[in-house]
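Each chain, letter by letter, is given below.
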Amino acid sequence: MRFEQLNPFTVAVYYLCVLGIIMFSMNPLLLCIALLTSVLSAVIGGTADKKAHLFSLAVFLIAAVLNPLFVHKGMTPLFFLNDNPITLEATVYGLCAAGMLTAALYRLRDLSKVMTSDRVLYLFGRFSPQIALLLSMAIRYTALLRVRWRKISDSQRALGLFDDGNLIDAVRGRARVLSILITWTLENGIVTAESMESRGYGTGRRTSYAVYRVHKYDAVLMIVCILLTALSAVGIYFSKAEFYPVLSMNLLNPWGIAGAAAFTVLSVLPLIINGKEAIRWRWLLSKI
Amino acid sequence: MALVTVKNLSYTYPDPNGRGGACSSRIVSDKDGVHSDDRHRALSDINLSIECGEFITLMGATGSGKSTLLRLFKPELRQNGELEGEILLSVGKATLSHRTSVSGDSLLAGSGSPLVLRTFPQRGYLRKGSLGAVDITEAVSSMVGYVAQDLEEQIVTDKVWHELAFTLENLGMRRQDIARRVAEIASYFGIDRWMERDTATLSGGEKQLLNLAAVMIADPELLLLDEPTAQLDPIAATRLIETVYRLNRETGVTVLLCEHRCEELFPLSDRIVILDGGRVAFDDTPRKVAQMIGRDSDYSAFLPTAARLFHLVTRSAQINYAIPQSPLTHVSGDSLLAGSGSPSVTARRLPNGEHLYQREPEIPLSVREGQRFVGSLQIKETASDHADPPLTEEALTLKNIRFRYERRGADILRDLDLTVYRGEVFALLGANGAGKSTAAAVAAGLRKPYAGTVKLFGKSLKDYKNGTLYKENLSLLPQDAESVFLCETVGEELKGCDTVMQNLPFDLSPLYDRHPYDISGGERQLVALCKALSTKPRLLIMDEPSKGLDANRKALLLEVIRRLQHDGVTILLITHDVEFAALCADRCALFAQGRIAAVDRTDRFMTDNRFYTTAASRITRRFVDGAYTVALAAERFSTDGGAV
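One line per chain: the protein sequences are A and B, in this order.
Reading the first sequence from the start, the letters are residues 1 to 288 in our numbering.
Reading the second sequence from the start, the letters are residues 1 to 644 in our numbering.
Derived from the structure by calculation, the hints contain no laboratory data.
Remember, it's a predicted structure, so these values are computed and weren't measured experimentally.
Don't take every hint at face value.
As the list claims (entries may be wrong) - Just the calculated beta-carbon pair ranges, DEER-fashion:
1) B:E381 to A:R146: 57 to 65 angstroms
2) A:I279 to B:M195: 52 to 60 angstroms
3) A:V214 to B:G452: 50 to 58 angstroms
4) A:L178 to B:K462: 37 to 45 angstroms
5) A:L78 to B:A410: 53 to 61 angstroms
6) B:D415 to A:R172: 35 to 43 angstroms
7) A:F80 to B:R408: 48 to 56 angstroms
8) B:A410 to A:V147: 58 to 66 angstroms
9) B:R414 to A:L69: 52 to 60 angstroms
10) A:R172 to B:L88: 52 to 60 angstroms
11) B:R408 to A:L69: 50 to 58 angstroms
12) B:S49 to A:R146: 42 to 50 angstroms
13) A:A278 to B:R408: 21 to 29 angstroms
Cβ atoms here follow ideal geometry from the backbone N, Cα and C, with glycine treated the same way.
Given these sequences and hints, build the entire structure.
Spelled out as C-alpha cells, the structure:
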C-alpha cells in the first residue's frame, strides 16, 4: 500500500511527529537532515513544481538574511553594516530558522496534497460527526460560492453595471457582487436545510460513515513512527545547541547520533514505503 | 391498501406575501378561478387516494398548488399554513429495524396545529418533540422521500459517497450497514464510477441523479418529486424520468411526481392528476385524462404532442364522428367518456339493420402511437416551401473561436464559426455541457477566446470602448435570474425600465412591493428580462430562458420574443428546449463538441433531424415534410371520413 493510501490516522500521526521535531528542535544537525529529506521527498514525490521550489528558496533566503540584519546578539562579529555588527551567531541562527521554516513548508505542502478533504473529515468524524458534517458542508459551499461569484459578475458585467475601467467602479462592482452572492446564498439555504431535514437530519443520534479502514500495517507504522520520534527526542535532549552569546554545540555524542539516525529514517519513511511498493510492483509485473 | 388518503383537504397560507400559493399566477392569469378573498387559499377540497406502487403525475400551472400538496405529504416540509381535513399516511411493513416499533402507526394531520402525530391504538396524541413522537417523525422521514427541483442546493456534502451516506448517518445506521447500502445504491444507479468525485464537479443530470439516489437510499415507500427535471436538458430529464420509472417497477416505490414535462410522463404514468386553482380538475388514467381534455380546453397544454394532434385533427372533422346517443349508452359503459363528449365508439348501420360498433383508435400518447394514428389519416397537400427570408446584414460573427478555461484543460470551443443576422431569432441548441453557454459568454465578451475573432455589427468587440458594448448594443439574460437582483423590492429593481416595459405584454406593477426572492421563478425571469432590456440592446442573448417554465409562461415568453423581433432586436437564443426553439426561431443550429454541427432554417432543421427534433416532427416525418409543430401537423392531415 502506498503511503497516501494509508489510513488518514496513520498519515496524521506521521506528519504530527515529523513537524513536531522540525518545529520544536533548534538542532542544526536535525534541521539539516529535515531540509534535505523534505526537498528530496518533494522532488521524488512530485508534490512541488518549479514555482513551488523557487518560492521555498526565496523564503529560505529571506529568513536567513533577515535574522542577522536585525539581531545583533553574539560575540563574533563578521563585519559591520551601517555601524551594526553582523555576527556569526545570528547568521547561524538565521540559517537554522530558515531551514526549519522551509522544511516545515515543504512538509505542510505534502500534507495538504495527501490530506484531501474527505480524509480530514474522516479524522474529525471519529471525534464528532457534527464537526465532520460542518466541515464537509463548508467545503461544498466554497465550491458553490466560487461558481456563483462568477455567474453574478458575468451577469452584472453584461448588464453594463460593472466597469473595470477605474478602481472605484471596480471596487463598487465587487461589493455589489458580494451583496448579491450573500442574498442569493442565504435565500437558497432554505432548500439545503429542507433537503437535510427531509433526509432525516436532526431526528436522532448521527453516525459517521467513512470509506477507510484501519489495517494491522497502519498500527505497526504508527508504533514505528512514535518510537522513532521518541528516539529523536532523546537525541535532542542529550545534544547541546546554544547559539548566543557564543555558538556552543555538542551534536555528535552517541545519543545525538542515534537521534539523528532515527529522525533520518522517520523523514524518509514515506519514500521507503513507496519505494518498496514500486519494487514489489515491478517484481509482480515481471512474473506475469 | 391505500398508502395515502386525503380527505376534504384545504390548506391556507397565513401571509398574503408568503411563498408559493395561488397568488403568484396573477400577472398572467386569465382564469377567474382565483378569487380575491381566498387568494392565499392554496388548496381546497382535495380528495385523493394513492395506492401502494402507483406512479402518479401531478400537473398544473405555476401556483396551482402542486408543490403545496406535495409538501403536505412530508411533515418536515410543511409550512405554517392552516390545514383542514385530513391526510392519512399508512406505514407499511417495516424495512428498517427501527421502523418496526411504529409499524402500523398512522400520521394524521388535524386541523389547527401544523403537526399533530397520532399513533393508534395505544399511544394517543403526541406532538413532535415529545419522546415517543420522535420515533414516528423519523419513521415518516425515511418512509417518504422528497426530491426538489434545485440541483445545487439539495446537495449537502462535498463528496458523492458522503452525500449518499449522509441520509443513513442521520438515521444512525451502523457503519457496515451504511457501507452495504451505499454500495448497493451506487451500483443500481450507475454512480459507482464517480463515487470519489467532488459534488461540485458533477453535471446537472448527475447532480439530480445523485439527489434521487440519496433519497432512495433510505428505502422510502413514497417518493415525492417536485419538478425534478425543470433544470435539466431533455436528454438528462428523460434519463431521470426513466430511472424513476424503473425504481417504481423494480422496487415498487410509490411515486408522486410534479412536472410540466408531459411528453414522457403521459405514456409512463398510472394516473394523471391535474390541479387548477388548488382544486383537482382531473384525476384518472392518462388516456382518459387525454380524452377528457378537449381541443379548446385550457388544459390542452398539459397534453403530449400526439394527443394534441389527435384532438386537433379529429375535432376539425367532428361531423364524421357524430355518434347516435342510444347505442353508445349500452355499448361503451364508460360513463366518464360519455360525459366528456369525446368519441371513442362509432356506430355504423349495416344493410341488415343492425348496428356495427367499432372502437375508434385510442387517443395516442407517445410518439409511436402518434405515428400509428397519423398513418391512418389522409394527407392534405398544402402550399410548399416558402422563400428564404433575406439575411444580409451580419449582427454577430464568431470566427474560428477557440476557448478553454484552464491552460492545460481541453478546448471547450473548437474552431467555432457562427453568424447571426440582423433581425432574426437564432436558436443555438445542444445538450447541457456541450459549451453553449460558454459560446454565449464569448459572444458577449465575458470570456476571451485564445484564438479567433468576435464581431458585433461589423465592429470587433475590442473596439467597443468604455463599456459601450453593454450600452445600446448587447445584453445578456443570464440563466439564473437571481444573479441580477440588487435591491429590496421589485420596484427599485425596475427603476429606469419604464419605457421598456410599456412595450412588453405583461405588467409587473402588482409585484413592485415584493422582494425579488418572494416572487415565482417565472416572474423573476421577467424582471431580469426587463433589466436586460433597459440598456436598449440591439442584440439580446438569452441563456435558457424557457427553463422550468410552465406552458402559460412559455407562451408569454414567446410573445415577448416576437415583439422584440418586431421592434428590430436580434435575438440569440441559447436553449436545449427544441419545442420552444421550433416555435420562435428563424434559424437553428445544433451545437456539439465545441462547434456547430448543423445550421439551417428552422423548418428544414427540424425536418432533417431524426432524433434532435420536436415530437411533432418525429410523429409526422415519415409521412410529410415540414410539419414540425402541432399546428402545422394538424393542417397536413385529415381523417378520411369513415371508421378506421
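These are the hints, each one checked on the structure:
no.: 1; hint: B:E381 to A:R146: 57 to 65 angstroms; result: holds (58 angstroms)
no.: 2; hint: A:I279 to B:M195: 52 to 60 angstroms; result: violated (30 angstroms)
no.: 3; hint: A:V214 to B:G452: 50 to 58 angstroms; result: holds (55 angstroms)
no.: 4; hint: A:L178 to B:K462: 37 to 45 angstroms; result: violated (29 angstroms)
no.: 5; hint: A:L78 to B:A410: 53 to 61 angstroms; result: holds (56 angstroms)
no.: 6; hint: B:D415 to A:R172: 35 to 43 angstroms; result: holds (38 angstroms)
no.: 7; hint: A:F80 to B:R408: 48 to 56 angstroms; result: holds (51 angstroms)
no.: 8; hint: B:A410 to A:V147: 58 to 66 angstroms; result: violated (19 angstroms)
no.: 9; hint: B:R414 to A:L69: 52 to 60 angstroms; result: holds (55 angstroms)
no.: 10; hint: A:R172 to B:L88: 52 to 60 angstroms; result: holds (57 angstroms)
no.: 11; hint: B:R408 to A:L69: 50 to 58 angstroms; result: violated (41 angstroms)
no.: 12; hint: B:S49 to A:R146: 42 to 50 angstroms; result: holds (47 angstroms)
no.: 13; hint: A:A278 to B:R408: 21 to 29 angstroms; result: holds (26 angstroms)
The earlier numbered hints that this structure contradicts are 2, 4, 8 and 11.
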